[in-house]
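Using the sequences and the hints given, assemble the complete structure.
Residue numbers (our numbering), protein chains in the order written: chain V, 3 to 837; chain R, 4 to 230.
If you're looking for bench data, these hints aren't it; they were derived computationally from the structure. Certain hints may be false.
Claimed, not checked - Capping the alpha-carbon separation at 20 Å, the derived lysine to any residue pairs in SDA-like fashion look like this: (1) R/Lys-128 with V/Gly-100; (2) R/Lys-146 with V/Met-662; (3) R/Lys-75 with R/Glu-216.
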Amino acid sequence: MNSLAFAWREIRYAPRYAVLFVLAIGLGSSILAAFAGLSSALEKTLDDRARELAIADLRVEADANSIGLLRQWAEARWPGALVSEKTDFPTMARLRGGEEVQQIYLNAVDPLYPLHGAVRARDGRVLAEVLGSGRILVDERLLVLTGLLPGDTVTLGEADVTIAGVIGERTDAAISFFQLAPSVFIARADLERTALLAPGSRASHRLFINLPEGVALDAAAAELKERAARLTASVQSWRDEGRGVARFLRNTVFFLSTTGLLTLAMGGVTGAAILLALLRRAAPSLAAARAIGAPPSFPVKVFAAWLLLLSLVSGLVATLGGVVVGRAVTAGLGDLLPTGATPDDGLGLFLRIIASVLLVAFIFSSSALTRLARLPPHAALRSDGASLPRSGRARRIGLAALAAFLLFLLVRLHVGSFALAGWGLGAWLAAIGLAWLVAALLVWLGGRLAILSGRVEPFLAGREARHGLAYRALAVAFLGLAASVLLSVLLLRQNVTSEFVRSAPPGSPNVFFMNLRPGEEEVFDAAIGAPGTRFFPLVRGRVITVDGVRAAEIQGGTENAFGGGDRLTREFGLTYGETLLATDRVVEGTALWDPMIAGPQVSVHDEYRDRFGIRRGSVIAFNILGREFTATVSSFRSINRSAREPFFYFQFKPGLIEEMPATLMGGVNLPREEISQAERRVAAALPHVTFFDIAEVAALVERLIERLHRAVDAVAAAALAGGLLLMISGILVNFTEIRREAVLFRALGASRGRILAIFLIEHLFSGIAAALAAGAVSLTLVWAVMTHGFGSDWDPWWIGTLPFLAVFALVVASSGLLASTLTLRVRPMDVLRYE
Amino acid sequence: MFCGMSKSRSVAALLATLLLAACGRPAAPPTSIAPERAPGEESVIVAFGDSLTSGYGLDDPDRDAWPSHLEKTLRARGWNIRVANAGVSGNTTGDALVRVSFSVPDGTRLVIVTLGANDTFRGKKLDEIEGNLDAILAQIRTKGATALLCEMKTFPNLGPFYARGFERLFPALAKKHDAILVPFFLDGVATVPAMNQADGIHPNPAGHRKIAENLLPFVEKGLRSGS
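Printed below as a string of structure tokens:
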């Protein structure tokens with residue numbers, strides 16, 4: 003019989019092994035392949051978005067003179083570069099030629115603006131088509147606030163201009179996030195006629211540069227920065243725009259990459275486990291073939307053929323799965339992806355997957371195959387898979403190193419990053435080591451305790467467990483790894499989702515207001531048409547001393563959590579209230595307020611405890627609206643500042659500052675189409691109220707998050723399926739061993755009940771040990787990913803983690819028990835014949 | 004009152020004047036060489052304004068903002084004066100109106116009003132600004148304090164129509180409330196890079212010293228008139 007026919011025979015005799023192998027390898031490869039296609043598209047989109055946010059490859063801010071000098075220099079330095087200028091400032095538009103004025107934010111641009119992205123009128127015209135000859139493009143807010151219409155004339159400085167269109171789309175809004183006034187675009191050529199720019203005018207001047215092909219961005223940015231430093235100008239490249247939404251996107255890509263890596267590793271480990279199980283099952287037949295004259299290479303050839311056949315089938319399954327998963331994720335991500343970007347689903351995908359599958363199969367089966375090469379003919383006399391000969395130490399180390407290197411190359415091929423590949427591989431190896439260590443320790447301890455218990459069943463179970471400690475620990479670690487993959491994916495999904503929810507909880511405010519006066523709440527609610535707004539009292543104040551030390555002398559650095567300048571001597575928005583705000587939690591102190599403190603109390607953001615050394619019981623002197631007050635620190639609060647909610651470094655206990663003339667601030671969620679009208683009504687009823695509309699940016703963030711959420715769920719579900727396959731294969735690996743033990747007990751005269759009791763204790767113990775190993779591995783892994791990879795807080799999610807581990811332990815115990823029950827049906831003689 | 008001043012105080016005042024002159028700053032007007040009020044119970048001046056008063060962006064506003072410089076200079080010149088910094092960054096005249104009775108305690112001798120810049124940044128209507136300043140000055144009068152109304156200018160980019168209307172408000176209001184009008188108190192500071200922080204709007208320590216110098220003669224005039 004040739005090796006191919008023998009392999010086919012093995013597949014026909016053990017179809018469930020073949021099916022599991024195909025599913026495991028196919029699923030792992032398909033997810034990674036599908037995502038690998040999307041990952042590059044997603045990365046490209048992120049880069050495109052960052053360019054749009056930045057408006058150009060390079061952006062310079064300086065005074066008008068410096069901008070002119072830098073423009074000349076840049077055009078000479080990089081011939082062929084696209085260059086555009088923008089001058090923007092607030093001004094007062096005079097309406098209808100009369101006394102009525104309205105503040106606007108005037109953006110004077112040239113025809114090339116913006117160099118990346120677009121500003122379009124509602125009718126689709128780009129800026130260059132709208133502006134010029136006294137024509138302006140205006141934000142709809144201006145029309146709503148003033149009652150003006152397209153075609154009307156307004157006076158800007160000394161010039162009359164005509165409203166020629168309404169802004170329909172603009173990708174440059176990010177650099178004017180908190181503009182209070184409606185935006186108006188005007189051609190730079192028309193700006194001179196307004197005479198608004200004169201010595202003393204307060205305006206921003208910006209220069210935008212798109213580099214010609216072949217010029218490296220970072221080098222050009224460095225060169226420009228060096229040149230600009232002499233002119234006190236600031237330079238930013240589009241790569242510097244890496245905050246906010248971009249951070250979210252990159253974190254999500256990182257999550258998908260991590261999940262892809264886990265799934266790939268799962269597929270490989272599952273394949274190896276199934277191969278091991280099959281080897282144990284087929285070892286007698288192969289040994290028999292060797293006994294009747296087959297060469298030593300015969301078993302290797304058989305399994306090489308077996309692997310090849312199943313890998314090809316797995317490749318087909320993975321290609322199909324890759325197309326399906328890729329399409330699903332593409333649909334979920336929607337316009338996050340560039341137009342027309344879809345994952346490969348042709349020959350390229352198939353070849354990539356086949357290559358991956360063969361590589362994975364080789365990496366995870368090479369060790370077992372080398373053992374086969376040394377299979378002695380007398381192995382035919384045993385059914386114990388453990389009797390497969392072991393390779394020499396040097397050979398094993400060499401193979402492990404080769405497998406690790408190939409795995410590294412494979413991961414690099416899919417995730418496109420050497421660093422990530424290195425970290426992924428390292429984390430996976432560390433996880434295997436940790437799982438084995440925890441499992442070995444627990445098996446040894448459990449076995450020892452069981453033997454010491456003095457009862458027959460635990461004694462026998464413990465003896466069994468300790469008998470082959472290394473093998474048993476490996477089996478438990480294997481189950482633990484399977485569970486850790488499942489738990490890690492669940493935990494990662496939970497943490498990523500929490501981050502999404504923290505940043506944009508349902509109903510988050512998209513409009514903020516300030517300077518409302520106490521007693522005006524009802525008028526405000528009526529004006530915006532949304533009752534129930536939450537108002538926060540606000541009084542401005544400064545810290546003068548802490549425990550008698552002047553605030554200016556307390557060193558604490560100048561970087562705040564947002565990367566901006568900060569110091570204890572700056573002014574703060576102080577609030578008061580009896581209870582914690584929804585975004586806060588007390589991290590030091592028994593409660594927000596301390597009943598032991600007599601007199602005024604203040605609760606402080608924990609960041610200031612850490613940075614400025616403020617302690618509970620410290621006495622802080624404040625200058626509040628020109629008058630001095632002291633309060634004792636009662637507690638420290640951690641604040642979730644990702645949420646779109648007002649937050650306060652200092653919260654006072656009622657009794658001190660509520661008698662002061664506070665204003666009210668807050669946020670409210672309004673339908674986008676109603677915001678301009680609501681703003682107009684508020685301006686009419688309460689002209690002193692300042693209104694911030696961030697709906698456009700908020701809606702963009704929410705849309706992105708919703709889509710990312712769907713993509714995360716899709717990939718997590720697929721990875722979970724992979725984890726389940728891994729668990730099933732883990733149980734299959736042990737099946738032969740369980741059967742042998744059951745037969746031995748029966749042959750020795752044990753009753754069925756006693757055997758089942760022994761197995762129940764043994765498998766329950768294995769389940770608990772595997773669950774603990776899984777908990778240790780997954781919590782460590784997810785902690786590392788969230789804190790170091792995402793740079794974010796992490797949540798162990800005990801409410802989900804502990805039930806998961808408990809259920810897992812029970813599943814392992816009951817499935818082991820079920821397998822044991824099945825083995826009791828086997829006639830002892832059929833097995834003992836081989837012993 | 005000059006005659007009531009101790010010898011040591013007049014020496015200190017003279018030294019302070021000479022020191023200022025040595026630093027290249029103009030000396031105070033001759034009429035202000037010495038106070039006309041005898042030291043006794045400490046008087047309070049309230050610096051009532053916005054970020055230009057609070058010392059926004061300074062490392063040590065309690066030391067470097069102009070109210071501190073003014074207090075030091077006045078003390079050096081013999082006045083027993085405390086200058087309370089009641090500047091709040093971002094305050095418009097509307098915000099300030101809400102807190103004027105709190106920030107200006109009873110018994111305050113002089114209130115220096117430096118408001119209006121944030122109103123123009125936010126495009127507040129001129130009649131609204133005028134109404135708020137009118138009410139603030141009225142409350143200060145009710146408290147029995149002397150008001151110094153500091154004239155504010157707008158940036159040219161806000162347009163000539165708005166700028167003219169805004170700048171006309173101050174003389175008219177000062178006259179109406181019998182307040183001392185301080186001509187543009189940022190004179191020599193606004194648009195001078197060496198006097199401002201990187202944002203070009205907020206004075207640096209040197210700018211704050213210059214503001215205190217600008218205000219000094221008018222403050223002393225107010226103190227004398229209220230004595």
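Evaluation of the provided hints:
1. R/Lys-128 with V/Gly-100: OK: R/Lys-128 and V/Gly-100 at ~14 Å, within 20 Å.
2. R/Lys-146 with V/Met-662: 18 Å, holds
3. R/Lys-75 with R/Glu-216: 11 Å, holds
Violated hints for the displayed structure: none, as all numbered hints are satisfied.
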